[in-house]
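Colleague: So you can see what is in the structure, the chains are spelled out below.
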Amino acid sequence: MNNKMLLEIKDLAIHYITVDGTVKAVQDMNLEIAEGETLGLVGETGAGKTTTALGIMQLVPNPPGKIVSGEIIFEGENLIGKSPNELRKIRGKQISMIFQDPMTSLNPVMTVGEQIAEVVKLHENVNSAEATEKAKQMLLKVGIPAERSKEYPHQFSGGMRQRVVIAIALACNPKLLIADEPTTALDVTIQAQVLELMKSLKTEFNTSMIMITHDLGIVAEVCDKVAIMYAGNVIEYTDKVNLFTTPKHPYTIGLFNSIPDIESDVERLNPIKGLMPDPTDLPTGCPFHPRCDKAMPICSTRVPANTEVQMGHFVKCLLFEEGVVR
Amino acid sequence: MMGEVKGLQPERLLEVKNLKKYFNTKKGLLHAVDDVNFFINKGETLGVVGESGCGKSTTGRVVLRLLEATDGEIIFEGKNIRDYNKTEMRNMRKEMQIVFQDPFASLNPRMSISEIISEPLIVNKVYKDKADRMKRVRELMSTVGLAERLTYAYPHELDGGRRQRIGIARALALKPKFIVQDEPVSALDVSIQAQILNLMDDLQKEFDLTYMFISHDLSVVKHVSDRIAVMYLGKVVELADYNTMFKNPQHPYTQALLSAIPVPRLDVHRDRIILEGDVPSPINPPEGCRFYGRCRYRQSNCLNVTPELKEVGPETFVACHYAGNLKPAII
Ligand SMILES: Nc1ncnc2c1ncn2[C@@H]1O[C@H](COP(=O)(O)OP(=O)(O)OP(=O)(O)O)[C@@H](O)[C@H]1O
Ligand SMILES: Nc1ncnc2c1ncn2[C@@H]1O[C@H](COP(=O)(O)OP(=O)(O)OP(=O)(O)O)[C@@H](O)[C@H]1O
Ligand code: SF4
Ligand SMILES: [Mg+2]
Ligand SMILES: [Mg+2]
Numbered sequence: 001m002n003n004k005m006l007l008e009i010k011d012l013a014i015h016y017i018t019v020d021g022t023v024k025a026v027q028d029m030n031l032e033i034a035e036g037e038t039l040g041l042v043g044e045t046g047a048g049k050t051t052t053a054l055g056i057m058q059l060v061p062n063p064p065g066k067i068v069s070g071e072i073i074f075e076g077e078n079l080i081g082k083s084p085n086e087l088r089k090i091r092g093k094q095i096s097m098i099f100q101d102p103m104t105s106l107n108p109v110m111t112v113g114e115q116i117a118e119v120v121k122l123h124e125n126v127n128s129a130e131a132t133e134k135a136k137q138m139l140l141k142v143g144i145p146a147e148r149s150k151e152y153p154h155q156f157s158g159g160m161r162q163r164v165v166i167a168i169a170l171a172c173n174p175k176l177l178i179a180d181e182p183t184t185a186l187d188v189t190i191q192a193q194v195l196e197l198m199k200s201l202k203t204e205f206n207t208s209m210i211m212i213t214h215d216l217g218i219v220a221e222v223c224d225k226v227a228i229m230y231a232g233n234v235i236e237y238t239d240k241v242n243l244f245t246t247p248k249h250p251y252t253i254g255l256f257n258s259i260p261d262i263e264s265d266v267e268r269l270n271p272i273k274g275l276m277p278d279p280t281d282l283p284t285g286c287p288f289h290p291r292c293d294k295a296m297p298i299c300s301t302r303v304p305a306n307t308e309v310q311m312g313h314f315v316k317c318l319l320f321e322e323g324v325v326r
Numbered sequence: 001m002m003g004e005v006k007g008l009q010p011e012r013l014l015e016v017k018n019l020k021k022y023f024n025t026k027k028g029l030l031h032a033v034d035d036v037n038f039f040i041n042k043g044e045t046l047g048v049v050g051e052s053g054c055g056k057s058t059t060g061r062v063v064l065r066l067l068e069a070t071d072g073e074i075i076f077e078g079k080n081i082r083d084y085n086k087t088e089m090r091n092m093r094k095e096m097q098i099v100f101q102d103p104f105a106s107l108n109p110r111m112s113i114s115e116i117i118s119e120p121l122i123v124n125k126v127y128k129d130k131a132d133r134m135k136r137v138r139e140l141m142s143t144v145g146l147a148e149r150l151t152y153a154y155p156h157e158l159d160g161g162r163r164q165r166i167g168i169a170r171a172l173a174l175k176p177k178f179i180v181q182d183e184p185v186s187a188l189d190v191s192i193q194a195q196i197l198n199l200m201d202d203l204q205k206e207f208d209l210t211y212m213f214i215s216h217d218l219s220v221v222k223h224v225s226d227r228i229a230v231m232y233l234g235k236v237v238e239l240a241d242y243n244t245m246f247k248n249p250q251h252p253y254t255q256a257l258l259s260a261i262p263v264p265r266l267d268v269h270r271d272r273i274i275l276e277g278d279v280p281s282p283i284n285p286p287e288g289c290r291f292y293g294r295c296r297y298r299q300s301n302c303l304n305v306t307p308e309l310k311e312v313g314p315e316t317f318v319a320c321h322y323a324g325n326l327k328p329a330i331i
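These protein sequence lines are chains A and B, in that order. Residues 1 to 326 in the numbering used here are what the first sequence spells out, letter by letter. Residues 1 to 331 in the numbering used here are what the second sequence spells out, letter by letter.
No lab work stands behind these hints: they were computed from the structure. Keep in mind that this is a model prediction, so the values were computed, not measured. Keep in mind that a hint or two might mislead.
Unchecked claim - Derived, one-sided and incomplete: chain A residues facing chain B with beta-carbon distance under 10 Å:
hint, residue
1, T45
2, T132
3, I262
4, L319
As the list claims (entries may be wrong) - Cut-off 27 Å, straight-line C-alpha distance, at most; resulting in silico cross-link-like pairs (DSS-like, lysine-lysine):
hint, chain 1, residue 1, chain 2, residue 2
5, A, K24, A, K4
6, B, K86, B, K20
7, A, K273, B, K17
8, B, K20, A, K150
9, A, K150, B, K27
10, B, K17, B, K310
11, A, K121, A, K141
12, B, K177, B, K26
13, B, K128, B, K79
Unchecked claim - Rough simulated footprint, nothing fancy, chain B against chain A, three-plus residues with beta-carbon under 8 Å:
hint, stretch
14, 59–70
15, 180–193
16, 255–261
17, 264–272
18, 306–316
Where a beta carbon is used, it is the ideal one built from N, C-alpha and C, also for glycine.
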């Protein structure tokens with residue numbers, strides 16, 4: 001894609017400083033998203049996906065969290081260091097986020113129409129009547145009859161509530177939508193509805209998107225490119241076709257081998273051995289080395305650099321690094 | 001696979017007939033399990049799938065009599081266990097165990113791992129001697145892959161995968177024949193989930209176990225199951241071996257459900273059936289097909305006549321008036 005670059009993350013590191021030690025939740029992160037592009041951010045519990053999203057939104061809770069280094073360039077401007085006032089104008093208008101728990105992101109004592117209208121009023125120069133009208137339009141867009149705008153969240157099913165959340169997130173036509181596991185809590189037929197809706201709205205508005213998920217099936221379906229995270233690091237980053245046809249990092253390959261393949265009969269899964277490392281006490285060298293079936297002696301001492309194995313395909317693994325004695 | 005050798009009937013371990021479980025709620029009678037029929041053969045895994053609230057867990061609990069059924073028969077090794085009195089049922093419980101989704105919520109936080117695994121052995125007075133009992137606990141821990149150093153650890157010190165191993169060890173303690181697995185891997189990361197699925201497969205072979213495996217993850221269910229029951233709003237709508245079901249789903253709901261699975265491959269393209277609307281309320285459901293409101297093939301009689309689960313092919317059961325003969329809805 002030769003579209004204009006919308007977001008560039010450069011050398012980002014985010015830590016949480018706790019009594020149990022420092023959690024390096026995001027380390028040495030480099031990503032970019034062009035206009036209209038969807039990036040999948042994939043990883044297991046604690047990999048640092050939500051922290052990355054909060055970093056982009058400048059909403060990392062501080063304390064204990066802190067952006068220790070890096071830049072987040074949105075439309076040519078670094079978001080780090082912007083004033084709270086400037087950020088408020090960007091959030092919800094330019095960049096909006098669907099949070100991991102859909103049920104907690106709606107206000108139980110406001111009607112869904114009011115909640116959409118509120119965001120519109122905050123960011124656009126409109127009066128109440130116009131905002132209310134816009135809210136109704138947005139509800140229709142997500143497949144909810146406009147007359148239900150006067151109802152409260154508890155009167156909706158889980159799938160409809162998630163659609164309301166999407167309507168709020170897209171109400172001001174943001175350039176970037178960050179969706180943190182937007183369908184994890186939903187049943188698969190409802191998930192299919194919601195994904196279909198997100199795809200069509202994205203095309204309609206040419207919105208860029210970061211789709212956070214642990215489901216490689218969702219990646220196959222909606223993403224253009226993918227970043228796989230493990231223990232705070234993006235260990236593989238490439239376009240979707242490369243990721244599915246020539247995955248390189250042993251963790252990525254392990255993930256693929258761990259999921260049952262619905263298209264063929266595999267008698268036995270081939271899981272990654274061992275457990276997630278303690279986030280306050282990550283292994284030395286490559287954080288994945290204790291679980292890696294390709295690990296070499298050097299992997300426990302040397303931190304892998306981000307290596308471009310072929311054009312646009314980045315891997316953090318010593319197997320692919322030049323000048324490493326294997 | 002079953003049915004290959006004609007005349008050689010697999011042995012049925014469990015059969016459920018016209019099973020019902022209704023709950024009294026403020027809004028009315030909630031039909032959680034409504035006239036359900038299925039069977040499980042010895043040594044096999046029956047997968048149970050369906051959307052949240054369709055009655056999977058309730059079915060599992062009712063089958064074990066952890067909840068009393070409203071009506072119907074639960075035939076285990078040829079006997080209706082609903083007729084059993086307390087003592088008979090207590091003996092029966094040794095044969096039938098359950099593993100829950102959330103290993104944390106189902107384990108007593110104040111008990112050490114060895115205490116949790118010993119508990120069923122103590123309650124059922126299996127060993128006179130404490131040393132024998134501890135030997136069995138260590139044996140169970142090693143069977144499920146828990147390191148011996150964890151004997152006196154507490155659940156909160158462990159990750160989800162290890163906690164699930166404790167749940168499995170406890171379920172195995174009394175050497176059951178049948179285990180209901182209620183979303184046993186749903187709370188786990190995929191790498192850990194795969195470890196637990198392999199473990200359960202090993203145990204099934206080693207101890208000749210029969211599983212009822214409840215899950216909303218269809219890829220997992222297909223992987224573990226010999227046969228699959230699809231539930232919708234308290235009803236079993238399709239029951240077939242996993243191959244038949246995935247190759248040729250017959251019920252309109254099964255078709256939509258299977259088409260909705262996101263597949264982690266680029267070489268597979270699915271024609272997705274997007275269902276309109278939401279699941280209706282299970283409170284005082286009307287006569288007729290429960291899937292009527294969302295069905296692409298509904299006809300006028302579907303609204304009033306409840307479709308029964310009937311055999312449409314060898315060992316393949318579907319509850320749809322038009323199974324095998326679906327015509328686009330005109331209404
Ligand atoms: N407020 C906090 N204080 C301390 N540590 C935190 C905080 N929030 C997150 N962490 C830690 O930072 C790491 C990354 O967490 P994060 O929530 O970003 O992971 P995630 O990839 O979103 O995981 P999940 O899939 O479970 O949502 C984890 O080790 C987590 O425990
Ligand atoms: N003790 C109870 N009292 C009243 N209603 C109940 C009770 N237990 C379950 N239900 C209701 O019975 C129906 C079936 O619930 P059940 O927990 O069996 O569903 P499930 O298929 O296991 O769903 P999930 O996938 O969310 O676990 C639901 O409508 C539920 O709200
Ligand atoms: S065709 Fe009729 S019976 Fe069959 S699923 Fe649709 S509504 Fe139900
Ligand atoms: Mg998260
Ligand atoms: Mg359940």
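Colleague: Now tell me if each hint is right for this structure.
Modeller: Structure-based check of each hint:
1. T45: It holds, given that the least Cβ distance between T45 of chain A and chain B is near 5 Å, below 10 Å.
2. T132: violated (25 Å)
3. I262: holds (5 Å)
4. L319: This hint is violated: L319 of chain A lies away from chain B, its Cβ roughly 19 Å from the closest one there, beyond 10 Å.
5. A:K24 with A:K4: violated (31 Å)
6. B:K86 with B:K20: holds (21 Å)
7. A:K273 with B:K17: violated (43 Å)
8. B:K20 with A:K150: Violated, because 38 Å separates the two Cα atoms, which is more than 27 Å.
9. A:K150 with B:K27: Judged against 27 Å, a Cα distance of about 23 Å means the pair holds.
10. B:K17 with B:K310: With a Cα-Cα distance of about 13 Å, the restraint between K17 of chain B and K310 of chain B holds, given a limit of 27 Å.
11. A:K121 with A:K141: holds (19 Å)
12. B:K177 with B:K26: Outside the cut-off at roughly 38 Å; violated.
13. B:K128 with B:K79: Not OK: K128 of chain B and K79 of chain B at ~31 Å, beyond 27 Å, violated.
14. 59–70: violated (count 0)
15. 180–193: holds (count 7)
16. 255–261: Holds, because 7 residues of the stretch 255–261 of chain A bring their Cβ atoms closer than 8 Å to Cβ atoms of chain B.
17. 264–272: Our answer is that it holds, as 6 residues pass the Cβ test (under 8 Å) against chain B, meeting three.
18. 306–316: Violated: only 0 residues of the stretch 306–316 of chain A have a Cβ under 8 Å from chain B.
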